[in-house]
Every structure is written in structure tokens, then in C-alpha cells.
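Chain by chain, the residues:
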Amino acid sequence: MGHATIEWVYVGVVIALLTWVGAESWNVERIVEHVPAEAETIKVIGQQWFWTFEHQDGKKETGELHLKQGVPYKFELVSKDVIHNFNVPDYTILMDAVPGRVNVVWNLFDQPGEYHIQCREYCGFGHPTMKAKLFVEPQTAEAAGNATAAPAQAPAQGENATSTATAAPAGPPGTPLTILEGSSVQGSPDFDPDTLTVKKGDKITVTNKDTLPHTVTSGASPSDPNSAKQFDTSIIEGGATADIETTNIAAGEYPFHCTVHPYMMGKLVVQ
Amino acid sequence: MVLEVKQPRPMWEILFSTHHTDIGLLYMISSITALMLGGGLALALRAELFLPGLQIIQDPTSFNRFFTVHGTTMLFLWAIPFAAGVGNYLIPIMVRYKDMAWPKLNAVAFWMIPVGAALVWLGFSDTGWTAYPPYSIIRAPGPAAEMWIFGLKILGISSILGSINFIVTILKCRHPDLSIMKMSLFSWSILSISFMTIVAVPTFAASLIMLYTDRLGISGFFNPAMGGDPIAYQHLFWFTFHPEVYIFLLPAVGMLYEMIPKFSRKPLFSYQSGVAAFVLLALIGFASWAHHMFATGMSFTEKTVFMVGTLAAVPASSMHVFNWIATMWGGRIKFAAPMLFGVGGIMLFFASGAGGVVNTALPLDFITHDSYWVVGHFHLILMGTVSLTFTGFIYYLFPLITGRMYNERAAQVHFVLAFVGVIFVFMTQHLLGLHGMPRRIADYDGTIPGWLIMNQIASIGAWIAGLSYVIMLVNLIKSAGSGKEAEMRDPFKIGEEYYDYTRREPHH
Ligand code: HEM
Ligand SMILES: [Cu+2]
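Which chain is which? The protein sequence lines are A and B, in order. In terms of the working numbering, the first sequence is numbered consecutively and its last residue is 271. In terms of the working numbering, the second sequence is numbered consecutively and its last residue is 779.
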């Protein structure tokens with residue numbers, strides 16, 4: 001009957017369409033996946049809940065990645081704990097960082113600017129805040145001239161005033177604030193003391209006795225709109241120290257937290 | 272709680288019964304309850320995401336627990352048990368046998384569900400419904416994770432027992448006069464998913480045990496620190512759960528085959544095509560599991576194989592759609608509530624199928640993977656197609672089960688709100704995914720262009736859909752007690768025989 005003929009034609013059309021989709025995808029993916037031989041290697045380390053990057057020349061960065069425009073980069077992804085996913089949505093970079101494996105993904109950045117890096121595989125409490133910033137710097141002096149005109153290039157955006165925290169603090173140490181060992185585990189004691197009281201103008205010296213990076217950042221949580229408005233040490237690597245100056249902080253009570261482990265919370269009282 | 276007008280009975284008689292219609296009813300009531308509870312969690316999640324920051328659910332871990340239990344509830348306490356309930360009610364009638372093959376086993380399978388449900392809800396785990404290690408073994412807090420593991424274990428056994436019962440009932444207890452190529456397509460759908468369950472579920476059942484011993488620290492199957500491999504879990508998991516996606520879907524397909532010809536007042540376009548599509552899908556459904564894992568670092572060859580396997584399943588699904596459209600073509604369609612939900616479900620099936628092809632196309636998957644696109648995509652099929660069709664079938668069976676008629680006007684309002692709500696939520700989420708928003712996040716950056724407004728549209732859509740189901744609940748409860756008595760020969764006034772107990776042969 002004519003019945004069946006119509007259906008066969010229809011199924012034929014569907015199969016033809018799918019074959020086209022499949023062939024085209026196969027072809028594109030084959031080309032896209034091919035890593036150029038001259039690509040520079042960046043080691044990307046994911047762990048709850050921050051990203052660390054190691055450049056080929058040994059330079060390390062945490063929470064920020066500085067790359068050059070027009071250079072092919074090969075990212076080698078590893079994880080220290082659970083599965084994460086290294087994702088730069090603006091450049092369609094997406095690959096799992098799996099503990100026990102090394103996954104590879106590559107890209108060439110053609111536009112200088114600032115981009116979001118985020119985690120796209122569920123990894124627990126801090127998954128929503130497991131982010132980093134990607135800075136693509138213009139390649140040549142001439143390109144640099146062009147790029148300063150571009151708005152995306154502004155280097156220090158807004159509140160991020162104190163970003164040299166990992167440098168050894170100058171002068172005598174101030175009032176101590178200690179980040180205890182094991183702080184990264186939810187529920188463990190974290191800041192010592194939990195409520196720190198200082199006089200306006202006093203210096204605070206934060207010592208990270210843990211093995212993982214932490215921050216001391218004003219605001220109740222990373223999503224607090226006032227987060228980092230009053231003070232922010234940025235990342236303090238394990239074993240390092242950082243200073244907080246209180247000369248410009250008005251008297252009052254300020255909750256603070258660690259942006260890497262947002263359940264680590266404390267309070268600063270400035271008199 | 273006495274539902275049959277003609278034959279009122281006390282509640283306890285239904286509770287302790289092993290008769291297939293009673294068990295079927297218990298399945299349906301408990302799964303509709305689960306739909307409401309799971310829906311409540313979904314509305315809370317959407318309320319939290321209405322604004323950036325944390326307002327309703329203060330702690331990200333609670334948010335994670337909410338979506339885990341929402342997903343688990345919707346899949347294993349709503350979709351699967353509802354299909355089993357309708358199967359229980361109708362299969363013996365359709366194959367003309369007095370009951371299911373093993374009535375006591377049937378009751379046991381049902382009563383395992385509340386036990387599994389209690390474990391899942393009292394534990395309130397935060398692993399995500401996929402429970403990927405190493406998170407689920409080294410970081411997820413206990414005893415919630417253990418309770419989730421055992422809850423799923425019990426639900427898995429329940430559905431295997433139910434499936435065995437269905438297979439034997441359909442193959443061995445079918446009336447000798449009824450050849451297998453004459454039985455209803457709904458029976459074919461239940462037969463297909465029962466076979467798929469028996470082949471697919473044991474793999475996950477085994478990996479649950481491995482997860483548990485890994486959590487205890489006595490094994491390291493999936494723990495890289497002990498030489499294991501977390502990706503192995505994902506293969507085992509998806510070997511079960513990709514076929515399971517069709518297990519959620521096929522009963523809805525079978526229900527559409529019941530409703531579409533009836534409300535189109537036309538014979539089905541092609542019975543053979545329907546059977547062929549069921550069998551094909553049941554086989555090919557096993558060839559695509561690793562398409563959920565393109566971003567785990569698979570080799571190019573592996574990715575190609577699973578892309579082809581996934582695309583190969585599409586013609587079978589599209590044969591069903593063709594069959595329905597060809598059946599409706601030129602029919603005198605009666606748009607009562609069941610048909611509205613059915614047609615809405617078919618439209619969204621088409622949309623989610625098209626989205627699925629996009630996910631399969633390798634380079635594009637790296638845009639959509641684990642973003643809100645995926646959330647939109649799987650909800651289009653699970654909420655849009657499966658749940659809307661199930662809802663239509665609830666209305667369709669209502670006169671058969673209760674002997675009363677529901678309020679048609681309220682049911683139509685329910686449809687319009689649910690359909691609009693679903694489109695608002697899940698179409699918007701596709702776009703949100705293309706704008707780069709990851710799934711499973713309690714908080715998001717509202718300054719990224721588009722994110723704030725799209726999340727708000729999605730939340731409003733969710734509340735509209737939620738409201739529509741409140742209307743259904745009120746309608747069902749009121750009508751079951753005091754609705755108009757249904758005219759049992761033809762309650763929808765189609766001009767054709769409705770289910771007939773005496774002839775015991777549903778007909779299209
Ligand atoms: C209008 C109704 C619904 C709404 C508003 C809704 C909403 C949500 C939300 C907000 C999430 C969390 C997404 C994320 O953060 O990644 C989610 C996840 C999920 N939903 Fe729904 N949902 C609905 C209906 C359903 C139905 C009917 C099913 C299944 C039959 C379902 C199955 C799931 C699953 C499996 C997940 C994933 C959970 C996980 O990530 O572990 N949902 N839903
Ligand atoms: Cu993550």
C-alpha cells in the first residue's frame with residue numbers, strides 16, 4: 001500500500017540528514033582537535049575550589065591566567081581531588097580535569113581581553129564560585145597600542161586594589177590572624193581568632209599555616225555584593241603571609257571569608 | 272480514599288490487596304505524590320535562582336541536596352513507578368488474563384518503593400543524581416550518601432522484579448486467541464522497557480555496591496588514590512542510564528498510541544511501524560551510552576563510535592512521531608484534555624529530539640555539555656514529553672478508575688498553563704546554556720549579559736507550571752469524591768467504545 005512508501009521516504013530523509021550531521025561533525029571535530037606542534041604547554045590544576053596554572057617556563061599563577069594573543073596553547077588538565085571541568089565559554093574550551101588522568105585541550109586566542117574561567121562539572125560546596133580570570137595580552141607593541149583603546153583591557157577593574165598579597169610583607173608584623181592547618185575541610189576550625197579586634201590604623205598580618213591557598217576577604221560570602229570592598233588579601237599560598245592595612249577602614253564590624261572555601265568565615269572589629 | 276463509585280471499599284482493603292488494579296492504583300497515587308514533592312523542591316530551586324546571591328536556600332550544600340533529591344525523586348519515584356502503575360492496571364486487561372503472573376511478587380515490588388523513597392528523602396544526599404566519584408566517595412557527607420546508595424539499590428530491585436512480572440504476564444499469560452502482533456502498542460512499550468530494565472539495571476546495581484565499598488575504604492574501584500578510575504564508573508552508570516532514558520520515554524510513547532487514534536477518531540496509521548520502532552529503539556538504545564562522556568577525555572575514535580550509535584537511535588524515535596502525525600492527519604480530532612496533553616507532548620518531543628541531535632554533533636557538544644542547555648534539553652523530554660503525556664493519561668484513565676468524570680474546563684486550563692510554563696522554563700534554559708551558564712550552581716553572576724533576565728523568565732515559567740499542577744491535584748481529588756458519574760461506554764463522547772471490561776480487549 002501507499003502507506004508504507006510515504007514512511008520509507010520519510011525515514012530515508014531522516015537518515016540522510018543524520019548522515020550529513022554525523023559526517024560534518026566528524027570532519028570538524030577531527031580538525032578542531034588536532035593540537036599544533038608548536039603549541040606552548042600550560043598545566044592546569046583543578047582542586048576544590050580553585051584553579052592553578054603552571055606555565056612552560058615554570059611561572060605559577062592562582063586564580064588568574066595570563067596568556068598571549070595569537071599563540072597556540074595546549075592545556076594539560078589534572079585534578080588533585082574530584083572531577084572538575086575547565087571551561088572558558090567565550091572560546092568553547094571545555095574539558096574535564098579528572099584525578100589520575102591528564103586530559104588535553106588546546107586553543108589560540110585571537111582577541112585580547114579579560115574572560116571568565118569556570119568549573120563546569122559539579123564538585124561540591126564551592127562549585128559555583130570555582131572561577132578564575134583569563135587575561136589575553138596583546139602580542140606585539142603595535143597591538144598593545146590598539147588594545148589600550150579597547151575597553152576590555154583595563155587592567156585593575158574596580159575594587160581589586162590590593163592584589164600583591166603573596167609578596168613578603170614589609171616592616172614589622174602586625175596583629176596576627178592565623179589560618180589554621182586543615183581549614184579547608186568544612187566544619188574544621190579555620191581562622192584564629194574567629195573575631196579579631198584591632199584599632200583603626202593597626203596593621204594585620206595574616207599567616208596561612210594550611211597547605212592550601214586561602215584568602216581573607218571582607219563580606220559574608222563571595223556572592224555578597226560588598227565582597228572585597230573593604231579589604232582583600234587575594235590568594236595567600238600555603239605557608240605564606242599577607243598584610244591588611246586598616247587605615248582606610250571606618251570603625252565597625254566586618255564579616256570576612258575565604259573566597260576559595262566560602263564556609264571559612266570570621267569577623268573583624270575595627271575600633 | 273474510596274475511588275470506585277460502583278464498588279466502594281475501605282482503604283485497608285486496597286493497601287493489602289495483591290490485585291493488579293489495586294497495586295496499579297497504589298503505584299499511581301504514590302508516584303503522583305512524588306511528582307508533587309519533587310516539584311516542590313524544583314520550585315524552591317527556581318526561587319533561589321530568581322536572583323543572584325543566596326536568599327531562599329542559604330547554603331550551597333542545601334541547594335545541592337535539593338537538586339539531587341529532586342532529580343532522584345522525579346526519575347525513580349515519579350516516572351518509573353507511574354509507568355509501572357499504568358502497566359499494572361492495563362496490561363492484564365490488555366492481554367486478557369485475570370491478574371499479573373505473580374500477584375504477590377507484584378505487591379512486594381510495589382512496597383519496596385516507599386522504603387527506597389524513605390531512604391532517599393531522609394538522607395537527602397548531595398551527590399547529584401549521577402553520584403560521580405571521586406566526589407561521591409571521598410567528599411560527599413554520610414550517612415546521606417550511603418542512604419542514597421541503598422535507596423537506589425532497593426528501587427532498582429523493585430523495578431527488576433516488576434519487569435520480570437510484566438514479561439511473563441505478556442509472553443506467557445496472554446490469551447491464546449490474542450497473537451503478539453495483535454496486542455496493543457502500549458503492551459509492546461511495556462514489554463520493551465521490561466527487557467531493557469533487565470539488561471540495563473544490573474550494571475548500575477553492581478556499581479552501587481562498588482561505590483559503597485569504596486566509601487568504606489575497603490576497595491578503590493573508582494578512587495584514583497587507590498589505583499581506581501572514576502571514568503569507569505561513568506561507563507557503568509551510563510550503560511544503565513542511557514537505556515533508562517528510553518525506559519522513561521517508551522511508556523509515554525505507548526500511551527500516545529492509546530490516545531492519539533482514539534481522539535482522532537481514526538485507525539492507527541501503521542501498527543507494524545510502531546512495533547518495529549519499539550524493538551529497534553530497545554536494541555539501539557544500548558549503543559549510545561558514552562555520549563554523556565564526550566568531555567571526559569575520550570579518544571577521537573571512541574567519540575566517533577558513540578556519536579554514530581546515538582544518531583542511529585534517531586530514526587526509530589522519528590518513526591513514532593511520523594506515525595502519530597499520519598494518524599491525526601485528516602482525523603476529526605476531539606481536543607479533550609488527554610489529547611491536548613498528548614499533542615503538546617509530541618510537539619516538545621520533536622523539539623527535544625532536535626536539541627539532542629545538536630548535543631550529539633561532536634563539536635557542538637563542547638558548547639552545550641553540562642550547561643543549562645542540557646538542563647533545558649532533558650527537561651523538555653522528561654517534563655515536556657514524558658510528564659505531560661503521563662498527565663494526559665491520568666485524565667484519560669480517570670473515568671475508568673473512578674467511574675467519575677474530572678472537570679474538563681479545569682483540566683484544559685491546567686494544560687495551557689503547564690505547556691506555557693514548560694516552554695518558558697526550558698526553552699529559556701537552552702539559551703542560558705548557550706550564554707555559558709553551568710548547571711548545578713546555587714549562585715550565579717548576574718552581571719554577565721543575559722543571565723539575570725533569563726533566570727527570572729525560567730523561574731516565572733516554573734511557578735506557572737507548578738501552579739497548573741495544583742489545579743490538577745484539586746481537580747482530581749474533588750472529582751474522585753463528587754465528580755459527575757461518567758458514562759462508562761464512552762465518557763469522552765468520541766463515538767467509540769472506551770475500555771470494556773466484559774470484552775476485555777481495548778481497541779483502537
Ligand atoms: C516544571 C517542572 C520542573 C522544574 C521547574 C524543574 C527544575 C529543575 C531544576 C531547577 C533543577 C536543577 C538544575 C541545576 O541546577 O542543574 C533540576 C534538575 C533535575 N530535574 Fe527537574 N524540574 C522539573 C521537572 C522535572 C521532571 C518532571 C523530571 C523527571 C521526570 C526532572 C528531572 C530532573 C533531573 C534528573 C535533574 C538533575 C538533577 C541533578 O543535576 O542531579 N525534573 N530540575
Ligand atoms: Cu566544579
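Since the hints were made in silico from the structure, they are not lab data. Positions of the beta carbon are idealized from the N, C-alpha and C atoms, including for glycine. Don't take each hint at face value.
Unchecked claim - Examples of chain B residues lying across from chain A (beta carbon under 10 Å, computed):
id	residue
1	P405
2	H446
3	S450
4	K453
5	T484
6	G488
7	G498
8	D500
9	F540
10	A583
11	M590
12	G602
13	F606
14	I638
15	D761
Stated by the list, open to error - A short list of chain B residues far from chain A (calculated; beta carbon distances all over 12 Å):
id	residue
16	G311
17	F334
18	Y403
19	A411
20	I425
21	K443
22	A476
23	A477
24	V550
25	K574
26	V592
27	L633
28	V684
29	K749
30	K755
Next item on the list: May I ask which of the numbered hints given earlier this structure violates, with the numbers listed in increasing order?
Entry: Hint check: 2, 3, 4, 5, 6, 12, 13, 15, 17, 18, 19, 25, 26, 27 fail, others pass.
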